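Trainee: Starting from the structure of chain A, add chains B, C and D where the hints point.
Chains as they are written, first to last, in our numbering: chain A, 1 to 313; chain B, 314 to 626; chain C, 627 to 939; chain D, 940 to 1252.
Everything labelled a hint here was simulated from the structure, so no lab data went into it.
All of these numbers come straight from a predicted model, not from anything done at the bench.
Glycine included, each C-beta is placed from N, C-alpha and C at the ideal position.
Some clues are possibly wrong.
[Said to hold, decoys possible] Which residues of chain A face chain B? A few of them, derived with a C-beta cut under 10 Å, are:
{"no.": "1", "residue": "D70"}
{"no.": "2", "residue": "P162"}
{"no.": "3", "residue": "W239"}
{"no.": "4", "residue": "R287"}
[Said to hold, decoys possible] Across the chosen pairs, the derived CB separations fall in these ranges:
{"no.": "5", "chain 1": "B", "residue 1": "A508", "chain 2": "C", "residue 2": "D890", "range": "19 to 29 Å"}
{"no.": "6", "chain 1": "A", "residue 1": "P288", "chain 2": "B", "residue 2": "N355", "range": "27 to 37 Å"}
{"no.": "7", "chain 1": "D", "residue 1": "P1018", "chain 2": "B", "residue 2": "E335", "range": "54 to 64 Å"}
{"no.": "8", "chain 1": "A", "residue 1": "K216", "chain 2": "D", "residue 2": "D1203", "range": "22 to 32 Å"}
{"no.": "9", "chain 1": "A", "residue 1": "G142", "chain 2": "B", "residue 2": "G352", "range": "34 to 44 Å"}
{"no.": "10", "chain 1": "C", "residue 1": "E823", "chain 2": "D", "residue 2": "A1026", "range": "55 to 65 Å"}
{"no.": "11", "chain 1": "A", "residue 1": "G142", "chain 2": "D", "residue 2": "G1147", "range": "40 to 50 Å"}
{"no.": "12", "chain 1": "B", "residue 1": "H602", "chain 2": "A", "residue 2": "L26", "range": "41 to 51 Å"}
{"no.": "13", "chain 1": "A", "residue 1": "K216", "chain 2": "D", "residue 2": "Q1224", "range": "24 to 34 Å"}
{"no.": "14", "chain 1": "D", "residue 1": "D1203", "chain 2": "A", "residue 2": "D267", "range": "34 to 44 Å"}
{"no.": "15", "chain 1": "B", "residue 1": "H602", "chain 2": "A", "residue 2": "H289", "range": "29 to 39 Å"}
Number of protein chains: 4
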Amino acid sequence: MGLTIGVDIGGTKIAAGVVDEEGAILDISTVPTPSTPEGVINAIADAVRDVSVGHQVEAVGIGAAGYVDDKRATVLFAPNINWRHEALKDKVEQRVGLPVVVENDANAAAWGEYRFGAGQGHDDVVCITLGTGLGGGIIIGGRLHRGRFGVAAEFGHLRVVPDGLLCGCGSQGCWEQYASGRALVRYARQRANAAPENAEILLGLGDGTPQGIQGKHISDAARQGDPVAIDSFRELARWAGAGLADLASLFDPSAFIVGGGVSDEGDLVLDPIRKSFRRWLVGSQWRPHAQVLAAQLGGKAGLVGAADLARQG
Amino acid sequence: MGLTIGVDIGGTKIAAGVVDEEGAILDISTVPTPSTPEGVINAIADAVRDVSVGHQVEAVGIGAAGYVDDKRATVLFAPNINWRHEALKDKVEQRVGLPVVVENDANAAAWGEYRFGAGQGHDDVVCITLGTGLGGGIIIGGRLHRGRFGVAAEFGHLRVVPDGLLCGCGSQGCWEQYASGRALVRYARQRANAAPENAEILLGLGDGTPQGIQGKHISDAARQGDPVAIDSFRELARWAGAGLADLASLFDPSAFIVGGGVSDEGDLVLDPIRKSFRRWLVGSQWRPHAQVLAAQLGGKAGLVGAADLARQG
Amino acid sequence: MGLTIGVDIGGTKIAAGVVDEEGAILDISTVPTPSTPEGVINAIADAVRDVSVGHQVEAVGIGAAGYVDDKRATVLFAPNINWRHEALKDKVEQRVGLPVVVENDANAAAWGEYRFGAGQGHDDVVCITLGTGLGGGIIIGGRLHRGRFGVAAEFGHLRVVPDGLLCGCGSQGCWEQYASGRALVRYARQRANAAPENAEILLGLGDGTPQGIQGKHISDAARQGDPVAIDSFRELARWAGAGLADLASLFDPSAFIVGGGVSDEGDLVLDPIRKSFRRWLVGSQWRPHAQVLAAQLGGKAGLVGAADLARQG
Amino acid sequence: MGLTIGVDIGGTKIAAGVVDEEGAILDISTVPTPSTPEGVINAIADAVRDVSVGHQVEAVGIGAAGYVDDKRATVLFAPNINWRHEALKDKVEQRVGLPVVVENDANAAAWGEYRFGAGQGHDDVVCITLGTGLGGGIIIGGRLHRGRFGVAAEFGHLRVVPDGLLCGCGSQGCWEQYASGRALVRYARQRANAAPENAEILLGLGDGTPQGIQGKHISDAARQGDPVAIDSFRELARWAGAGLADLASLFDPSAFIVGGGVSDEGDLVLDPIRKSFRRWLVGSQWRPHAQVLAAQLGGKAGLVGAADLARQG
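Extracted from the complex, chain A is given alone in its bound form (with noise of 0.2 Å):
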């Protein structure tokens, strides 16, 4: 097979690429997200349609937060979107007349770093994605482990504090709670507010208030050495690499990718993260380890990921 098209739906625009069989991205469009289900439905059709003009293109495939079903057809539900075992894949193969796949989003992004990225040469991958929130993806033996009902690898939702934080699945103490991008920004304004004056930087690069701090700020003051934002990468990091070393116990896998927005930071956050992996790795002297790798697809990886799981059919 050719070419394919890849689907990416963010919170504010979806993007259709044009992708090659060795992950080349050949050309892209973009719409806004539009703020109905039905109407996220048409906008992915334009989109492709829009993509496709010039192009011999053979199959869709569409990342899509939530979960989806076992036949990659349905999303059961999507939390930011209101889609509620809705019927992705016949609605668009409707409008667009080609073959279509829906898979997780995240899902997508570990197929995309497995096969052109940092997973590479590797059989057994376990993928997470620091964005807003924290995704994954397994790839074991060089496929992709969607679970039987479709919804394996919700990482997220792992639960690493009993009667912990809150999360928007309505449990406590998911793993997104503690690392992701919103637990960075929550990390920085406690510290911030607790000891300003080891935050000046911090706080600087914002509106001077704890509650300003915004993420780039974050990644901007820990590069110019403010103590409260390398703490609290390092925070961060803590969880991160505690969790990948249970993720270890689990699957054994030979490396781990670490994407999403908060890896753009590169070592700045991967080493705190190696370190606390290799800390509570469960039997550390007695096995080889697994590598933790920066992601390198960066924000394309879902829609490069959808695109080639497409092209397997």
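Mentor: Using the frame of chain A, we list chains B, C and D on its own:
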């Protein structure tokens, strides 16, 4: 391939059994477990030779507690026997003249249940063994998931309480400190100590002191309505079920199988585990639920599973 | 000194009562709670003047939620009203022409119970108030323990779960997130959501949805045997009792008094709290146990206590 | 009253000292600690008689680890010596012919610091002693707060981690498992085991293995910049400071005094404790902050305090 031998290495005895293609044990031989690493290897060979008499066996599968390498040949680390990078496969092959496969004992038991026990008809199964500690095994797509380095499915060391109880592995807060036979005894002793008037039946079955409470007393007392015994099972089930909910978020199997001595109590312990599983399952209303099944092969699962893994080669 | 006035500032109304030396309320006047800080002060003055008519009153005691300074004059910080370093004593004295004493409302309630309620006959008492949140007060050697800066006995913000639930105070894992009326509602909603078939009575008392469950439904349902309602009270009691055991390790009082709306349920909630207290009390077999008593003055404890504190001067 | 004797019962030796009204030790005598309960009593008497020679002493104060009753006469329970309801006051009075006061050793040390050490000038002081375990004492309004039954200020057994580490007291998650000399050693060993390359100095001070690390190595290594040693102190400080923040919410003292062997390291450990205290102090911007002071009397605080308590009668 016809008959194979499965070997189970227990703390007090080593059992070798001749197993047919249906998982039936045709013959069995046991020897006491020696105290030296080399002694154990000789005892395995003795038991294998002894039970082979009169059977046409083609291979041997050994289930061993600890880390087994990715070639299923070397025990990297055994917590109970002093094996460190022990070339078990080679040493036993030299002694018995048959091909040998080594597998982690909980993996072998999971495979046995999948092939001939509660897991029949399922392709994606996660097993936990609630014995003295907590072990586990994973079947994905009808294949045993060993991990890249052979050490997957170490469920007992999932960190469920940050800064929690010390574990023999050197880490803290490991799941097996909260969901295992040993944990059950701790729960009962603590509760009987705090409120002996609620543990009259339970205390009466032992020597009358909290420290004298043993595992078997707790199930007997629970069946007789002892409040402390019932509450101890409930506490065990809280932790077991919450952990299964985590595993559902990660693996998304169609069934969980709960084995080990604690599960011999059947619905006394399984029903509370099912409740707790459902209580903590993330997104429970938007996804199919895995079944939580009792293991069917009892203490023979490891032996039968090891024999079958040897047959598969 | 003869009669004094106690003032209780609630979220919807302000009550001023004339109280005699025996703690009896002779007359009471209520006004709605205004929405501005200055409005509240005027309303307090109005209520005081109104209720004074026909009585010879000599002083006024005001119970206010928040931090009150060591001079019992200034509200340093009130979480509900926008008071920051508010000179409440001076402002009210100017308006009503009587000496005024300001006290934290939970301290005032504790004093009321000590003098005229469940604490009579005890010299060392620790009170907790399980209302929407969790407040407290301490009597040591027959004196209210205010602390060096006036802000002692902030029990609600004891950290009982590291990295636990966010609290309005900005911290995490505060006791009032686990033991309070608000926590009780959360327990019931979570459990009803996970297992609606065990919450039929409870759900039937509201609008049928977990989110529609209110505090009063839970006690009604518990009395009717609803499993989720009963289990929610048990969870509340686990945390309340464990916290009292901590306070016993620190203060070692002869009695605990449990007040607030939750405690209106009497032994429905007090018995499980007593069990949990005993379960977690350190060294329980080597020490006399403090009693755990139900408050006797209900919602009037704060008003009566504030009046009596004004009398003591 | 003029001179009194203070007695400190340690694990290896018993010290008796003649102390004047200014807290100065005029003479001191030590004997080895016998292994039997009765032997300890005789040894106390021997040490008292020995040190009395040439002094006009009027009373004896004994600091003992464990629960001391409200009459300051009977040791209800001593964890190290096998004393259970031991009438220590009577037995020693019979042997030495002087009035005897018995006090919990951490209470005695707190009193010593309050009267003659870091607590001078404060009326409301909370002391913690970071020794092998964690003890404490409370001064409120210039008086030692013993509690109604004599067993207040058992800070070490505050539950800071639900389902946390087992404690010798039978409970779990006690503060002294996280903030004490023993905890410090555990932190260092765990970290050195996980990352020996960051503990080269520390490991070099002992026998080269993580298990060989002792407390004194950690402070020496920290002063030489060893990363694991520094991080171990930081972890200790996290827990110590967070606990002090809890105690501030409860007692609201004007000062905390940190004593015990761990605090001998001075600002190496006190500065991180101060930071952590401030980090976790609830409502920190709306209240005056208690000072966190280093103890001044070192290992003599208990002896001096016990002597002074005997003087007060």
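Trainee: Now tell me if each hint is right for this structure.
Mentor: Right, here's what the structure says about each hint:
Nearest Cβ of chain B to the Cβ of D70(A): about 8 Å, under the 10 Å cut. The hint holds. Checking P162(A) against chain B by beta carbon gives a least distance of about 6 Å; that is within 10 Å, so the hint holds. Interface restraint check: W239(A) against chain B, minimum CB-CB distance 9 Å, threshold 10 Å, status holds. Annotation: interface hint on R287(A) holds; nearest CB of chain B at approximately 5 Å, less than 10 Å.
Taken as a hint, the range 19 to 29 Å holds for the pair A508(B) and D890(C), whose Cβ atoms sit roughly 26 Å apart. Separation of P288(A) from N355(B) is about 30 Å and conforms to the stated range, judged on CB atoms against 27 to 37 Å. About 59 Å separates the C-beta atoms of P1018(D) and E335(B), a value consistent with the hinted range of 54 to 64 Å. Between K216(A) and D1203(D) the beta carbon distance is about 44 Å. The supplied range of 22 to 32 Å is therefore violated.
Separated by about 42 Å at the C-beta atoms, G142(A) and G352(B) satisfy the suggested range of 34 to 44 Å. Range check, E823(C) to A1026(D): Cβ separation about 60 Å, and the 55 to 65 Å hint holds. About 43 Å separates the C-beta atoms of G142(A) and G1147(D), a value consistent with the hinted range of 40 to 50 Å. At about 43 Å, the CB distance of H602(B) to L26(A) agrees with the hint of 41 to 51 Å.
For the pair K216(A) and Q1224(D), the beta carbons lie near 26 Å from each other, so the given range of 24 to 34 Å is met. The supplied range of 34 to 44 Å is met by D1203(D) and D267(A), whose beta-carbon atoms lie about 38 Å from each other. Checking the proposed 29 to 39 Å range against H602(B) and H289(A) shows it holds: the Cβ atoms sit about 35 Å from each other.
Going through the hint list in order, the structure does not satisfy hint 8, though it satisfies all others.
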